[in-house]
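Engineer: Now for the letters of each chain:
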Amino acid sequence: MRQPYIGFLLPAAFLVCGLFLIPIGQLIILSFDGFTEPSLRWYAQILETGSIQRILWTTFRIVTITTLIAVLLGYAVAFAMAHMGPRQRLLLLLCVLVPFWLSVLVRALAWLILLRNNGIVNETLLATGLIGAPLPLVRNEFGVIIGMVHYLVPYAVFPIFATMQNMDGRLMMAARSVGASPLRTFIDVYLPVTLPAVFGAGLLVFVFGLGFFVTPAILGGGRVVMLSEYVSISVLQTLRWGLAASLSVVLLVATLALLWIVSKVVGVRRLLGNA
Amino acid sequence: MNKAQEKPIALSIRNLVKTYGKVAAIDNVSLDIASGEFLSLLGPSGSGKSTILMAIAGFVTPDSGEILLNGQKIDALSPEKRQFGVVFQGYALFPHMSVRGNIAYPLKLRGIKGAELDAQVERTIDLVHLSALADRMPRQLSGGQQQRVALARALVFDPSVVLLDEPLSALDKKLRAELQFELRSLHQRLGTTFVNVTHDQEEAMTMSDRIVILRDGAVQQIGAPDSLYNRPSTRFVADFLGRANFLEGAVSSVNGTELKIDVKGIAVRHAKGKDAAAQGEKTLLALRPERIAVVSPDQAKTSLNRIDGSVQTSAFVGSQYVYVIDTPLGTIESQMPAFEAGPLRQPGAQVAVTWSPEAGVLVKDK
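Heads up: the protein sequence lines correspond to chains B and G, in order.
The first sequence begins at 1 in our numbering and counts up one residue at a time.
The second sequence begins at 276 in our numbering and counts up one residue at a time.
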């Protein structure tokens with residue numbers, strides 16, 4: 001069979017190889033000190049150093065919580081969007097998209113202004129007398145999670161929305177007709193049919209979240225150090241490129257492992273929306 | 276003649292109206308469906324047939340009118356409380372459940388478990404001949420097999436009424452014919468009331484005890500397939516159910532049981548039967564193509580209506596010859612059994628068309 005469009009693949013293939021696979025190969029070599037004297041010392045250091053392990057654990061914890069919240073909110077927004085009238089849908093779509101167009105820096109700073117001790121939220125709560133002292137809403141994990149969830153919700157909304165919109169409404173009617181209440185229909189039919197999209201969205205959000213840098217740096221206020229920030233410090237300040245590389249490899253392997261697990265659970269084709 | 280007169284009424288629809296904007300999807304429809312009857316709602320797309328079915332199922336809320344099941348109003352009941360088996364267009368099988376899972380689901384909702392559940396599911400799977408495929412997922416099945424699963428899922432909980440929304444429309448012609456007979460025999464065995472929506476007149480004729488012909492949301496005519504086919508009341512019904520030639524004219528004389536109708540200056544004889552028509556009245560005569568014979572022009576004159584013409588097109592379609600003949604009355608279509616009609620006449624051939632005065636039926640022009 002002739003494939004006349006195969007030529008269109010070449011630029012993309014070239015870009016992926018030249019700008020992505022080769023640097024990653026170099027990164028892996030670097031993490032084993034492969035350009036000088038091969039060793040496993042950076043990996044040993046990761047295993048031996050408590051502070052690095054704490055950073056890995058913090059990263060994993062924050063990203064997991066963020067993913068759960070973002071997917072839950074995303075599911076609700078997608079559900080509303082899929083089942084409301086076209087005009088309302090457009091409005092809601094705008095509400096989801098507008099923050100999407102703002103830079104991550106602007107958004108993190110906006111949250112800082114809202115959530116800091118003398119920010120709008122705390123001032124309001126103090127003025128109404130609901131609290132006696134400002135709540136610690138920022139420069140901690142709470143603040144980081146708020147910022148990350150805010151950034152990542154749209155990434156959860158769209159894959160779930162696409163699946164919900166393509167779903168045959170007659171499935172739900174069929175469930176009702178054989179005796180299922182609206183709630184049962186949701187639990188037995190709607191949820192299982194949209195679940196692959198939920199996993200897909202969760203994976204997207206999780207992988208994205210693992211590499212977050214700006215939001216934790218600003219809303220964590222230096223107290224919540226996540227992996228990317230530590231890698232950046234290793235590259236720019238402590239100049240331990242081997243450590244940065246090995247941490248990046250750990251991140252890469254973790255991501256691929258997660259992708260593999262989820263694809264085993266739901267199947268790659270369903271993950272890509274081919275339910 | 277039809278079962279509605281013998282058996283108790285299962286489902287009753289009274290003055291049902293549903294409008295979308297300014298369009299009436301259901302325009303004051305009243306129907307009585309007898310217990311155990313196989314009734315088809317037949318009409319072109321946009322005739323409101325599916326909307327009526329969905330109103331019965333509870334998925335469409337009518338603007339006015341009422342629906343009664345065994346004399347009880349069910350308008351206020353949600354779909355799951357109505358306990359009708361519904362086969363949806365496109366089948367709507369649950370993609371994450373196996374064949375067995377799909378069929379067991381209605382029973383599980385009713386709290387049936389264990390051996391009883393298995394026994395009822397197996398029985399229904401056997402009923403639709405799916406035993407070999409019970410553990411497959413819906414996407415691994417062909418269209419005909421999916422249709423059977425959908426039917427089994429609608430039947431497994433023993434509903435008193437089964438609603439079918441274009442159940443066979445997605446299948447190819449041969450399979451459709453097979454399943455029509457299967458559905459028909461299933462209905463006869465179960466004795467359940469079936470309400471079927473279709474746009475396929477052949478399907479409606481094959482399966483139904485009675486057919487309701489719908490147009491623009493309103494009932495055109497209700498009757499058994501043969502009475503609708505032989506005694507259509509309007510041009511629309513005659514045209515939609517089967518094929519028909521239409522001759523417009525006016526009654527020139529009434530002679531006992533026979534009318535003479537003047538069609539474009541030619542006298543056409545029509546045995547009026549039940550048709551009431553007074554002299555001078557405008558009439559529309561519907562003639563089925565199979566009642567019209569194409570003969571040689573030199574063939575002896577008969578007592579039949581006879582008019583000369585020439586073959587415009589001719590075709591051999593297996594069992595029949597199909598002719599379109601140019602005549603002074605306009606073009607007339609004829610279908611003749613091929614085995615007794617000699618060789619096919621070619622376009623341009625001079626012929627005569629004949630039909631008996633009893634062949635036609637007067638219909639209203641609407």
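Please keep in mind that the hints were generated in silico from the structure rather than gathered at the bench.
Everything numeric in this text was worked out from a predicted model, so none of it was measured.
Among the clues, some could well be false.
Said to hold, decoys possible - FRET-style restraints, in silico, Cβ to Cβ:
(1) G:G296 <-> B:T124: 51 to 57 Å
(2) G:H404 <-> B:Q165: 31 to 37 Å
(3) B:Q53 <-> G:E397: 42 to 48 Å
(4) B:I6 <-> G:H404: 42 to 48 Å
(5) B:L10 <-> G:E453: 34 to 40 Å
(6) B:L9 <-> G:D393: 26 to 32 Å
For glycine and all other residues, C-beta sits at the position ideal for the given N, C-alpha and C.
Engineer: Would you mind marking each hint as holding or not holding in the structure?
Structural biologist: Quick rundown of the hints versus the structure:
At about 47 Å, the CB distance of G296 of chain G to T124 of chain B disagrees with the hint of 51 to 57 Å. Restraint check, H404 of chain G to Q165 of chain B: a C-beta distance of roughly 36 Å satisfies the suggested window 31 to 37 Å. Checked against the hint of 42 to 48 Å, the C-beta distance between Q53 of chain B and E397 of chain G comes to roughly 56 Å, which is inconsistent with it. Take I6 of chain B and H404 of chain G: their Cβ atoms lie about 46 Å apart, and the range 42 to 48 Å holds.
The beta-carbon spacing between L10 of chain B and E453 of chain G, approximately 51 Å, falls outside the hinted interval of 34 to 40 Å. For the hinted restraint 26 to 32 Å between L9 of chain B and D393 of chain G, the CB-CB distance of approximately 52 Å leaves it violated.
Taken one by one, the earlier hints fail for this structure at numbers 1, 3, 5, 6, listed in ascending order.
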